[in-house]
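Using the sequences and the accompanying hints, generate a full structural model.
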Amino acid sequence: MSDDGEGGRKNLRMPDDDEVFATVTNMLGANRVKVRCADGTERTARIPGKMQKRIWIREDDVVLVEPWDWQDEKADITWRYEKSEADQLRREGHIQ
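All letters in the sequence shown, in the order written, are residues 1 to 96 by UniProt numbering.
Source of the hints: derived by calculation from the structure; they are not laboratory data. Relax, there's no trap hidden among the hints.
In the EDC-like style, the derived pairs of lysine to aspartate or glutamate whose C-alpha atoms are separated by at most 20 Å in a straight line are:
#1 Lys34 <-> Glu19
#2 Lys34 <-> Asp76
#3 Lys53 <-> Glu82
#4 Lys74 <-> Asp61
#5 Lys10 <-> Asp87
#6 Lys34 <-> Asp60
#7 Lys50 <-> Asp76
#8 Lys83 <-> Glu59
#9 Lys10 <-> Glu85
#10 Lys50 <-> Glu19
#11 Lys10 <-> Asp61
#12 Lys83 <-> Asp61
#13 Lys74 <-> Glu59
#14 Lys34 <-> Asp61
#15 Lys74 <-> Asp39
#16 Lys34 <-> Asp72
#17 Lys74 <-> Asp16
#18 Lys74 <-> Asp17
#19 Lys50 <-> Glu82
#20 Lys74 <-> Asp60
#21 Lys34 <-> Asp69
#22 Lys10 <-> Glu92
#23 Lys10 <-> Glu82
#24 Lys50 <-> Glu66
#25 Lys74 <-> Glu19
#26 Lys74 <-> Asp18
#27 Lys34 <-> Glu66
#28 Lys34 <-> Glu59
#29 Lys34 <-> Glu73
#30 Lys34 <-> Asp18
#31 Lys34 <-> Glu82
#32 Lys83 <-> Asp60
#33 Lys53 <-> Asp76
#34 Lys74 <-> Glu42
#35 Lys50 <-> Asp61
What follows is a list of derived Cβ distance ranges for each label pair:
#36 Arg9 <-> Lys53: 29 to 35 Å
#37 Ala38 <-> Lys10: 15 to 21 Å
#38 Gln52 <-> Arg91: 26 to 32 Å
Here the structure is a predicted model, which is why all the values come from computation and not from measurement. Even for Gly, the Cβ is constructed at its ideal location relative to N, Cα and C.
Written as structure tokens, this is what we have:
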């Protein structure tokens, strides 16, 4: 087994029915970020309180977002992938 994270397959959290993959494109401040979703939509996403100061989100991070039912241009972030996990998702063809 290698410790560098290359070659090893991890079981990753995949999106539920109402979640989509997204990439953080811009930090807006006040716990809000701009994301480009896999469905081609640009959304304003909110970092929920349970993730604040525990999970740091930066530009170009791959995240899972849950679009709002009543306002499609907004969403909540539900999960952030580490860099090695995002690379694995790209290798397996889940994201670009």
